[in-house]
Each structure stands twice: as C-alpha cells, then as structure tokens.
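The residues making up each chain are set out below.
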Amino acid sequence: MILKRTLGGVSLGLLGRIILILVAVMATEFVTNTYLFDRASQFALQEDEVERMAEHLVVAHRLFDQAAPQERTPLAEQIRTERFSVRWSPAGPPMAPSYELNTLRTQILESEPELVATGLALHVHGLPRGGPIEGSMTLTDGSRLSFSVSQGHGFWSLTYSRLIGLVAPTLVLLVLGGLLIRHTLRPLSVLMRETGRVGTDEHRPVPEAGPSEIRKLIHAFNAMQLRIHRLIALRTQALAAVGHDLRTPLARLKLRLETIPMEERARAAMERDVQEMDDLLRSLQVYLGGEGRTMPPERIDLAAMAMTLIDTARDEGKDAVYDGPETLEMIVRPVAVRRALANLIDNALHYGGNARLVLRRLEEGGQGPVAQIAIEDDGPGIAPDRIEEVLQPFVRLDSARGRNTRGMGLGLAIVADAVRAEGGTLELANKASATGEGGKGLRALIRLPIVEKDPARAERS
Amino acid sequence: MTAQTILLVEDDPSLRLLTARAMQEHGYRVRSAATAPEMWIAMENEKVDLVVLDIMLPGTNGIDLCRQIRRESDVPIIFISARASEADRVLGLELGADDYLAKPFSSRELIARIRAVLRRGGAIDGREEDSRRNEARFEGWTVNFSRRELRSPTGAIIDLTGAEFDLLATFIGQPQRVIGRERLIELTRTRLGDSSDRSIDVLVSRLRRKLAAAGGNPPITTVRGVGYMFNAEVLRG
Chain A
169 MILKRTLGGV SLGLLGRIIL ILVAVMATEF VTNTYLFDRA SQFALQEDEV
219 ERMAEHLVVA HRLFDQAAPQ ERTPLAEQIR TERFSVRWSP AGPPMAPSYE
269 LNTLRTQILE SEPELVATGL ALHVHGLPRG GPIEGSMTLT DGSRLSFSVS
319 QGHGFWSLTY SRLIGLVAPT LVLLVLGGLL IRHTLRPLSV LMRETGRVGT
369 DEHRPVPEAG PSEIRKLIHA FNAMQLRIHR LIALRTQALA AVGHDLRTPL
419 ARLKLRLETI PMEERARAAM ERDVQEMDDL LRSLQVYLGG EGRTMPPERI
469 DLAAMAMTLI DTARDEGKDA VYDGPETLEM IVRPVAVRRA LANLIDNALH
519 YGGNARLVLR RLEEGGQGPV AQIAIEDDGP GIAPDRIEEV LQPFVRLDSA
569 RGRNTRGMGL GLAIVADAVR AEGGTLELAN KASATGEGGK GLRALIRLPI
619 VEKDPARAER S
Chain B
196 MTAQTILLVE DDPSLRLLTA RAMQEHGYRV RSAATAPEMW IAMENEKVDL
246 VVLDIMLPGT NGIDLCRQIR RESDVPIIFI SARASEADRV LGLELGADDY
296 LAKPFSSREL IARIRAVLRR GGAIDGREED SRRNEARFEG WTVNFSRREL
346 RSPTGAIIDL TGAEFDLLAT FIGQPQRVIG RERLIELTRT RLGDSSDRSI
396 DVLVSRLRRK LAAAGGNPPI TTVRGVGYMF NAEVLRG
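Taken in sequence, the protein lines are chains A and B.
Just so you know, we're using my numbering here: the first sequence kicks off at 169 and counts up by one.
Just so you know, we're using my numbering here: the second sequence kicks off at 196 and counts up by one.
No lab work stands behind these hints, which were simulated from the structure alone.
Each hint should be verified, as a subset may be incorrect.
Heads up, incomplete: computed chain B residues facing chain A, CB under 7 Å, no partners named [claimed, not checked]:
| no. | residue |
| --- | --- |
| 1 | 348 |
| 2 | 350 |
| 3 | 351 |
| 4 | 354 |
Each pair of labels, with its calculated beta carbon distance range [claimed, not checked]:
| no. | chain 1 | residue 1 | chain 2 | residue 2 | range |
| --- | --- | --- | --- | --- | --- |
| 5 | A | 552 | B | 421 | 39 to 47 Å |
| 6 | B | 339 | A | 552 | 26 to 34 Å |
| 7 | B | 224 | A | 429 | 48 to 56 Å |
Here the structure is a predicted model, which is why all the values come from computation and not from measurement.
Where is the CB? At the ideal position from N, CA and C, for every residue including glycine.
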C-alpha cells in the first residue's frame with residue numbers, strides 16, 4: 169500500500185526509478201532462480217522416477233519372457249497399474265526411437281543395464297512434461313512388449329506452491345527495499361520542498377540527514393541559501409537606507425525652497441520635483457517595509473473602504489464609480505489592503521483615465537465566502553505577453569501604456585504582496601480577453617477569503 | 196498672549212536650523228536640542244508647550260524617547276519621521292504622540308500641525324480629562340479623533356474620507372442641535388475646495404449611508420431650510 173502510494177505520488181521520480189531497477193533486478197533474479205531450481209528438481213524427480221520405471225521394465229520384461237505366449241495378454245491385464253500399463257503383440261517393426269528422450273533412455277539403461285538387450289525404445293505422447301512416456305521392448309522370442317508410463321501429477325502441483333514460495337520473499341524484499349529507499353531519499357524530498365521557498369521567507373536551514381552524498385548536497389544548499397538570504401537582506405537594507413537617508417536632505421531642500429527668493433514658476437516646478445522624489449521614496453519604503461503587513465489583522469468594512477477610496481477620487485474630480493454592497497465586513501490587515509486598492513484605483517485613473525470598482529461577495533463551494541474586487545478602466549490595457557511582467561517590482565511599461573509612468577514600478581508588486589499576505593489572489597487581464605469582445609482596458613481582479621471570526625485570523629500567513 | 200515655546204529635537208544641524216527658523220517666523224519661541232540629553236535639560240530649564248521630535252535621533256530610539264516623555268509630562272508631541280510608514284504613524288500615536296509628520300514636509304504643513312495640536316492641547320487646560328486623544332461613542336459607534344477612525348457597533352473599522360470625518364466630528368461636537376448649512380458648507384470648502392450646496396448634501400448622504408450600513412437608522416436628520424441635526428446621545432472619554 170505504502171509502496172503503491174509512493175509510486176503513484178512520485179510517479180517516475182528518483183524513487184520510482186530506483187524501485188523499477190529493484191523490480192528488474194528481482195525479476196531477473198527470480199527467473200534465473202526458478203530456471204535453475206526447476207532444472208535441478210526436475211532432474212531429481214526424474215532420477216526417482218527413472219529408477220522406478222527401470223524396475224518396472226525389468227520386472228515386466230522378465231515376467232513376459234518366462235510366460236507362455238497365450239498367457240501374455242491376460243498377464244498384461246494383471247500387472248497393469250494406474251501409472252504403468254503394458255500390451256503384448258506377437259511381432260512388429262521396432263518403433264523409431266525418439267531422440268528427445270535419449271537422455272531418459274540412457275538413464276534407464278544406466279539404472280538397469282539388463283535392459284540394454286531389450287532394444288528399449290521410448291517416445292513421448294502429447295506434452296513433453298504432462299503426457300505419458302511410451303516405449304517398447306523386444307522379448308527374447310522376438311515379440312514386442314509396448315508399455316506406457318504416465319508421469320506423476322506431483323511435478324505441477326509442487327510447482328505452484330514452490331512458485332508462491334519463491335515469489336513471496338521476493339515481494340517482501342521488494343516492499344522492504346522500496347520503504348528503505350524511500351526513507352533514504354526523504355532528506356532529498358525535504359530539500360526539494362525547501363528549494364522552492366528560498367528567498368521567499370526567513371532563512372531556514374534544511375537539517376543535514378541521509379546518505380553522505382545527500383548530506384553534502386544539503387550542506388551546499390544551506391550555504392547557498394544563506395548567501396541568497398544575505399544578498400536579499402543586504403539589498404533590502406541598502407534600498408531602505410537610500411529611502412530613509414534621502415529624506416533628511418530632501419526635507420532641507422523643501423524648506424530652503426520656501427525661503428529663497430525666486431520666480432514663482434521655478435519654485436512650483438522645483439516643489440513638484442521634490443514631491444516626485446518623495447513619492448518615489450515612499451513607494452520604495454512601502455514596498456520594502458511591507459506597509460501594514462506587520463500590523464495585526466482587524467475587522468473592517470471592505471465596502472466602506474472601497475467607497476471611501478472611490479469617493480476620494482471623485483472629490484478630486486476623477487471619473488470613479490463604485491458598484492457593490494453597502495457593507496461587507498471581514499478581517500484583514502487594513503493598511504495593506506487599503507494601500508492595495510488605492511494603488512489599483514490610482515493605476516486605473518492614471519493609465520485608463522477612469523476607474524470602476526465592482527465588489528461582490530461570492531459563496532464558493534467548499535472554500536467559504538470570498539470577496540471579489542474588480543477594478544477596471546477603459547484605457548489601452550497592457551500587451552497580454554507583458555502582464556506577468558508588470559507584477560514584478562521595478563518594472564514599468566512606459567512604452568506599452570503610452571503615458572509617462574510615475575514611481576518606481578512598485579505599485580502592482582505592493583498590491584500582489586498585500587493580497588498574498590491575506591491568502592488571496594490577484595489577476596490582471598485585459599477586458600477584451602475576459603469578455604471575448606473588442607472592449608479595451610485593464611481589469612485587476614482580487615479575491616480575498618472572507619474571514620469573519622477573529623481567532624481564525626490570528627495565524628494565517 | 197506670550198509666544199508659545201516649542202522644543203525642537205533634531206539631530207541634523209541644517210534641518211534643525213531651517214525648521215527652527217520656519218517656526219520662529221510664525222511667532223513661536225524655539226528651543227533646539229540635538230540629542231536626548233539636551234532635550235531633557237531644555238525641558239527642565241523652562242516650560243515647553245510642544246515638542247517636535249525627530250524619531251530617528253542617534254543614541255535613542257525616538258519611539259522610546261516618546262514613551263519616556265509621556266511618562267514625565269503631558270506636553271504635546273509631534274513626531275517627525277523619515278519612515279513614512281503607516282505602522283510608524285499608528286505606533287507613534289498609540290504611544291501618546293499627538294501628530295505625525297513625514298519628511299520632507301513644508302513649513303506650511305508643519306505650522307498647521309503645530310497650531311492644531313496646540314489648539315487641542317490649549318482647550319483642555321483646566322479640564323481634568325485629557326481630551327487630546329479622545330474618543331466619542333454614540334449608539335454603539337466609536338470615534339477615535341487622534342487616529343481619525345470610526346468603528347461600527349460590531350467593531351469594524353469604517354473608512355471615511357477626510358471631509359466625511361470632519362463632518363462627523365462637527366456633528367459629534369454639537370449633538371442634538373441643528374447645525375446650519377452655512378457652517379457645513381464652510382467646512383466642505385476648506386476640505387474639498389468646492390462650496391456648492393450640492394456637495395454638502397452629497398457628503399451628508401455618504402455619511403448617512405455608512406452609518407446605516409450596520410442596520411438601523413443613521414442619526415442624522417435633515418432640518419428643512421436650516422441644516423442638519425445629529426440626534427444621538429454622544430458619550431465622551
């Protein structure tokens with residue numbers, strides 16, 4: 169059972185292959201074994217049988233030789249046994265000896281040399297193993313005595329139980345071998361699982377276990393993992409330091425701008441520059457710091473949050489629409505989710521010129537209720553082959569989306585991180601591909617599991 | 196009225212000078228400190244009305260420093276931080292800071308925050324209860340003014356736009372009383388830069404919608420031809 173499941177699960181992985189090799193070895197061993205054993209036991213059986221047969225033949229020969237011709241036919245009836253029968257005929261041509269049975273003939277003659285003179289001929293009827301062995305001898309008066317010896321059933325019935333006897337240990341060995349191999353390979357499968365998470369989480373060394381090769385591999389992997397984590401930490405630190413340390417000179421610059429006498433237009437332009445730098449640094453800090461991700465999840469009204477963001481945009485004179493329920497309470501990290509929605513609305517307004525937020529509560533079978541938030545615009549959309557790309561941090565599609573992009577290309581990466589932290593999903597698609605018609609614009613679709621009870625929320629990520 | 200004294204704690208000399216100058220230009224007496232020990236000395240020497248504190252001071256974590264100040268006195272504190280993160284802002288406010296300002300800021304923003312904090316702080320002189328970080332409750336709803344946060348009877352955070360929150364705060368400040376349209380329009384003008392009659396109606400209807408979402412009737416009634424009235428009992432503290 170365990171073996172079967174493992175085979176099914178790993179399919180033709182390393183374990184599968186090793187088990188196949190094991191099976192091949194076992195099968196070869198089994199066939200070879202059976203063949204040799206078979207030969208040996210067949211020989212032994214025949215030895216036994218040959219002697220009895222030779223005895224029978226000698227006795228029959230002597231009896232018939234001494235009996236008068238007219239007594240011979242009733243005699244044949246008398247000495248018939250279940251396995252041995254004889255028939256006498258006055259004369260006839262000698263039967264052609266069957267070469268297949270030369271071995272047997274030699275054996276019989278060796279056992280009872282007396283029979284040499286009888287002109288013993290043997291041939292087989294039917295199957296070589298199952299059928300009776302027939303033959304003839306010449307009596308001293310030239311008449312012929314033919315006989316038939318049926319082989320015992322012992323051979324085949326014996327073989328069945330012997331087969332089981334042979335197969336059972338092989339099967340046990342196979343299962344045992346499979347389990348042992350599985351155990352040996354377990355550190356490798358742990359390693360495989362851990363490889364998938366390198367760089368996504370805290371540094372977590374894989375315990376060094378298993379055979380020496382795997383130990384060495386895990387050791388090397390751990391060292392590599394540590395290097396990767398150091399690199400990531402270093403990069404984060406460096407970027408955070410940039411974001412942080414630039415703020416003080418930027419603050420000085422901003423205050424100085426106010427005090428220096430200069431042309432009003434130049435001042436406004438410079439203030440915009442400072443503002444832009446501020447925005448860049450802010451998005452960098454939000455991305456690196458995982459804004460609000462460290463804050464505990466709280467009960468919020470997602471509908472009120474969405475309406476507020478849309479209304480704020482409307483108050484600024486933007487074309488923003490909300491379509492959804494008046495209330496939808498759930499437990500999330502408020503700051504991160506608010507930031508995610510705000511980023512998507514900002515993107516829609518910036519690149520598409522308008523934003524439409526559609527909120528729905530879906531009851532999906534099995535997985536519990538889901539809040540689905542679609543944020544759409546009627547802009548140019550994104551080239552389908554670049555949609556994956558825009559979710560990556562520091563990726564901007566200036567050319568693809570026509571207008572100048574603000575920020576560092578972190579907006580969608582921040583959204584993706586926030587949604588992931590809530591156990592949700594984020595999909596980006598052009599509306600055309602979603603509806604199948606020629607509509608334009610981008611649609612961002614977020615699905616968040618609705619958590620209503622506080623305790624369940626405590627440790628989710 | 197004598198000028199109010201502000202203690203500026205900032206480690207960067209140029210920024211300290213620039214910030215101090217901006218505050219002096221607006222009529223405040225400014226004392227500067229570069230480090231935490233200097234700050235304590237300054238606070239012992241004279242009465243300080245407000246502390247403007249850069250939380251990234253060397254040597255001491257600004258958050259710890261804020262906690263220490265709060266243990267010693269009730270002086271209003273404005274945080275200045277280079278980490279423009281929401282988590283920092285909330286943490287600072289939880290620890291007793293009165294407001295939070297991220298670098299870079301303009302002198303206009305700084306002065307507006309200082310004025311607001313001093314006004315709130317000044318209003319409580321003579322009252323025993325500290326209402327700078329006050330909360331108000333009505334019909335199961337909770338309003339936290341320092342965090343500008345509204346919670347529904349079920350405890351859910353209900354987001355409000357800035358203008359909606361100001362409107363709610365105005366209502367809560369004068370419960371059971373008719374508030375004239377003119378006053379509310381004035382409010383929307385400063386917030387939205389749009390003073391049309393319609394915008395105040397839109398604002399009120401949005402607020403009503405959010406207060407009605409939890410079930411029950413929103414406690415805002417229209418008084419025809421005059422204005423609006425918030426007819427719920429408001430509990431302070």
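Tell me the hint numbers this structure goes against, listed in increasing order. 1, 5, 6 and 7
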